[in-house]
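K.L.:
Chains as they are written, first to last, in my numbering: chain W, 1 to 116; chain P, 1 to 116.
By construction, these hints were calculated from the structure, which means they are not laboratory data. Owing to the predicted nature of the structure, the values given are computational and were not obtained by experimental measurement. Zero decoy hints are in this set.
Same chains, same names: a pair is fine if it fits in one copy or spans any two.
Pairs of lysine-lysine, DSS-like flavour, derived with a Cα cap of 30 Å:
id: 1; residue 1: LYS52; residue 2: LYS79
id: 2; residue 1: LYS58; residue 2: LYS79
id: 3; residue 1: LYS64; residue 2: LYS79
id: 4; residue 1: LYS52; residue 2: LYS64
There are 2 protein chains.
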Amino acid sequence: MRHSDRLSETFSALADPTRRAILARLAQGEASVGELAQPFRISAPSISRHLKALEHAKLIVRTKDAQWRRCRLRPQPLKEAADWITRYRRHWEDQLDRLAEYLDEMPKSFGAKRER
Amino acid sequence: MRHSDRLSETFSALADPTRRAILARLAQGEASVGELAQPFRISAPSISRHLKALEHAKLIVRTKDAQWRRCRLRPQPLKEAADWITRYRRHWEDQLDRLAEYLDEMPKSFGAKRER
DNA sequence: TATTTATTTAGCTATTTGGCTAATTAGCAC
DNA sequence: GTGCTAATTAGCCAAATAGCTAAATAAATA
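Starting from the given sequences, assemble the full structure and let the hints guide the process.
P.N.:
Structure below.
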């Protein structure tokens, strides 16, 4: 597609609930296109395009098996995306720390009781 | 925007290198719009639209400070995205295990030497 | 060979995206 | 007030997206 970099392509592929559901299904084992399409009210060509997007993003591979195409998950780009995001882990953990501190302050300001 | 669910909105916001660079900058501390725009060859209105996308995705907040808008990172959606992706952690770790096994097999098949 | 099944490609449409310039709003300083 | 700076909104354009139906391809089966 139009993405210059891998990470953009990965996040873009993940930015669709149908494609995420397909990946969730493939996490349980490989499946044919028809099996993947079955839970959705979407036409076969549309599913095919979603799979092409996932394949282009290297999130799946498709192999021929008689008249079926079996799809398999390729987790590598997921790892790269996770690596990118978790550089910010400290930030959300700090935020939770601040929330905890704030809750600890509550009783003083409002006289409410909190058990520890 | 047009996203029905939070996760799609988050991934969509992350699927752009300019927006990811802006988040990386904000990870070091808050900044005004002008400061955020400075490293890019992109017009101010385009930056403004990127910031609006990030704000809509709840990845940043903008507060008024005289004639400036100061932007701050909001890491919560990043945590949610990381939580989603890391459900697949097992898969990429398994994959690395298989790669390691494969490399261990190499010497037998090819007679190459590998230290352990 | 003809039929059926699985999947993709072609081509259409409507919507979204991301860039731009020009114009507008908002606050500060004179 | 006027002017300066910061930022946004309005409006244009080209490309991408996601859906659809109809047609094409490929393999198995009768």
